[in-house]
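Protein chains in written order, with this note's numbering: chain A, 1 to 553; chain B, 1 to 302.
One should not assume that every hint holds.
As the list claims (entries may be wrong) - Some chain A residues near chain B, calculated using beta-carbon distances under 10 Å:
{"hint": "1", "residue": "S13"}
{"hint": "2", "residue": "S121"}
{"hint": "3", "residue": "I223"}
{"hint": "4", "residue": "P242"}
{"hint": "5", "residue": "W249"}
{"hint": "6", "residue": "G436"}
Just so you know, the hints here were simulated from the structure itself, not pulled from any lab data. None of these values were measured; they are calculated from a predicted model. Ideal Cβ placement from N, Cα and C applies to all residues, glycine included.
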Amino acid sequence: MNTTTAGAVFAASLAIALGLTYRPFGDYMARVYTSKRHLRAEKMIYRLVGVDPDTDQRWSVHLRAVLAFSCVSVLFLYVLLRLQGRLPLSLGFGGMAPGQAFDTAASFVTNTNWQSYAGESTLGYLVQMAGLAVQNFTSAAVGISVAIALVRGFARNRTDRLGNFWVDLVRTVVRILLPISVIGAVVLVAGGVVQNFHDVRTVSAIAGSSQAITGGPVASQEIIKELGTNGGGFYNANSAHPFENPTVWTNWLQVYLLLAIPFALPRAFGKMVGDTRQGLAIVSAMAVLAITGIFLANGFQLAHHGTVPTAVGAATEGVETRFGVSGSATFAAATTLTSTGAVNSAHDSYTSLGGAVLLLNMMLGEIAPGGAGSGLYGMLVVAVLAVFVGGLMIGRTPEYLGKKIAAREVKFAALYILTTPVLALGVTAAAMALPGERANMLGSGAHGLSEVLYAATSAANNNGSAFAGLTVNTAWWNTVLGISMLLARLLPVVFVLGLAGSLARQRTAPASSGTLPTHRPLFVGLVTGVAFVVVALTYFPALALGPFAEGLH
Amino acid sequence: MIVMASPRLPGPVRHLLAALRMLLVLTVLVGIAYPLAVTAIAQLPGLRHQADGSLVRAADGTVVGSSRIGQPFTDAAGRPIPTYFQPRPSAAGAGYDPTATAASNLGPEDVVDTFDDPATPGDESRRSLLTTVCGRSRAVGQLEGVDGRRPYCTPDGAGAVLAVFHRDPGPAGPVVRVVSVNEQCPARPFVTTYEGVRVECAAPGGDYAAGRRVLVPGPGRGRDNPVPPDAVTASASGLDPDISPAYAYLQVNRVAGARGLPPAAVRRLVEEHVRGRALGFLGEPRVNVVALNLALDRLGAG
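Make the full structure from the sequences, and use the hints.
Laid out in C-alpha cells, this is it:
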C-alpha cells in the first residue's frame, strides 16, 4: 500500500467509525438531556452547590449562569496560575506573569486552548490537572449546554423556559465526558501515554549525553483534550509529542475522539426536535465541508508544492515519522474543522496551500463539525440564515422546524455571524499596523501575514492551533488575544441564547405546502453554500494577500 | 470553604457564589479525584511500564532513556558518532531536549538567509529553512558517501537563490545586478553569470529584498534522492524516535564499517527493526533509532 492509499483508508476508516457511533451516541446524549431522573452523585453535587435542579430557567437567567460560571472560572484559573510557585507539585516553576496568566485563563475557559507558553518549562502538575484539565471538562460542557438550550428553543412551544444550565453542565460532565475519559485515558496509557507524578528524571543516554525524561498526569488530560475539542497540550509539542501521542493507533483514536461529540450532537438535536431527518441534514452539511477540507489538506500536502518541499522531495518538515504526511494532514484538517487546535505536526511549515486550507477550515466558523456544542449551535445559526435566504428566493415567510424566522431571529443570527470575522480581521489589521507586533513574525512578507492572520483567526474562532512562528508571549498579544477569545466565546453565546428564547416563545406552526423542506439534499446544499459564501466573501482579501500570494508566486 | 447561598443576597452575587461552588466541586471531582484514579489504574501490570515513560535499559541494567523519545547520537562538538545510526534533525532545544520540545516552525518559502552585519550590535544571522535543508543533505551525503545534491541547493549546501535587479521598475529592462543572497562574501557564487551579468556574493547586512527572487533548480533530485526526506527535515516534536527504513538502510555500511561488523549482520538488524503500517494502513513504515542502537550495542564492537 502506498502513502496516498494508506492516507485515504485512514480517513475512510474514521468516517465509518463516526457513522457507526452517530446513532447510538447521539441517542444517548438526547436521553441525557431529556431525562427527568437525577443520579445520586448528581443530587449530591446539587446539594453541595445549593442549586435546585428542577427549576427551568428563562434565557436571561440561563445566560447569567453561563456568564457567572465563565467569569468565576477565568478568575480562579488566573489566581491558580499566578500562585503556582506556592502550590504543591509545581516542579519548581514559579507563578505565571500577569499578562500570560490572563491569556491562558481566557484561553482555557473559552475552549480555545491557545498557548503562549510551553507546558514542560512553565507549568507543574497541580496547575495542569486541577486548573487546565478542569476547564477542558467544563468549557466543553458549557458549549454543549448552550447548544442544548438552543435545541430546546426549537423543540419547545410557547414557553420562556430553556432548561437548567447547572443540570446540563453537571450531566455533561458526569454522564458523558467523565466515563469516556476514564476508559479512554487507560487505553491511551496502554498505547504509551505517560501517567505519573515523577519529577523530571535525568538519565545518561546511550551515546553518553544526558537527557531529561519528563513525566506528568498526561493521559488523563490528553483524553479530555481531544474529547472536549480543547486542544491544549500538556507539553509544548502537543499531540506530536511521543508521550502524548505515541503510536499510529493513538493518532487515529485522537482524531476520532475530537470529531466524536460534534458529529453525534446533530443526532441528539434531531431526536429532541422529534425528527431525526433534521439532524441528518445538519450532519450531512457538516460532513460535506469536513470531507472537502480533509481531502484538500491531504492533496496539497502530498503534492508538496513550494520551494522547500520540492527541495526536500516531500512535505516532511515538522512532521513525525510515525504519522507521515497524510496522518498529519488529516489530523490538521480535523483539528481546524473542530475548534480543537491540538496539533500533531507543525502547521507553520505546511505548504502554502495546505496551510490555506487549515485557515479556511477555521474561517468557516468552526461549524464542520465545530467544537463540542459550539459546532452545533454555529451550524444551526447558519441553517437559520439559509432558511431566511431560501425564504427570500421563494417569497414566503421563512420557517425552520415550525418556527418563523422573522426580524428578531435574523438579527441574532447576523450578529452571531459577524462577531468572529470582526475580531479576526480587526486583530490582524491592528497587528499589521503596529510595527512592534509585526516584528514578532518569524516569516516575512506573505508568510508573515499568514502567521498573524492564523493567530487572530485561531483566537477568534476559539480554535487555539497556531502557526507557531509568531512570538505571541508579549504584553500586546497576550492581552489582545485574551480579550478576543473571551468576546468570541461569550458574545455568540448571548446571541444564541437570545435566539433560543425568541424561538421557544413562538407557537410551532404546522408545515404547509409553502414550507421549505429542511431535511432534503437541496437544503443541505443551501446550508453548505451559505456557510461557504459567507466565509469566502469575508476573508477572501486577507487570504489572497497571505497564503494565496505565497503559494502562487 | 463552601458558603451557602443566602436568599437575601442580590441576584448577580448569588449567581457568582453558586458558580464558584460549582467550580470547586467539579475541580475536586475531575481535577483531583479523576487523575488520581487514572494514575492508580495505571499501576496495574501491563500499564505501569508505559505510564512511567516506557524506559529502556542498557545491557548492564541502567536506564538509558525511553523507547518513545529520540536521543542525539553526537559527540560533544555535535558531530554524528559514526558507530551509531543517526536520528532525524531536531529543533527541540540543542537537539532532542524533552524540556524544550519544538518544531522549526519555518515556512515553505523561507529561502533567504540573514547575515550578521558587524556594524550593528547583536548577532542577527539566521539560516533559512532552504539553506538548512541543503546543508543537512550535503552533510548526510558526505557522511554516507552518496550524492546529497538537491534542487534549489548550491554545491556548497546553501539555498540557490538569486536577487535579480533590473534597470527599470516593473521589473523591466535589462538585468543590471545579480546577487547570490545565501552566499556570504568572500564566498564564490555557485554561478558566475546570470543573463550575462556577473553574480556577486552577499555582503553582510545587505538588503536585497528589492530584487526579483530567482530560484535556481540545479542538478539535484528531490524525489528519490539517495538522502531521504526525513534525514533533512526536523520533526514536529523534536523528539521523533523514528526514521524511515530508507534512511536506516543508507546508514548500514557506515555503521558496519565503523564497528568492524559485517554489513550483512547490521542490515539484518535493521530489517528486524523495520515496523510496517499497523493493520496495513495506519502510519508510515519506520525504524526506532533508540531500539536499533541499543540492539546494535548488544551486537558488539562499539
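Hint-by-hint comparison with the structure:
no.: 1; hint: S13; result: 7 Å, holds
no.: 2; hint: S121; result: 6 Å, holds
no.: 3; hint: I223; result: 9 Å, holds
no.: 4; hint: P242; result: 4 Å, holds
no.: 5; hint: W249; result: 6 Å, holds
no.: 6; hint: G436; result: 17 Å, violated
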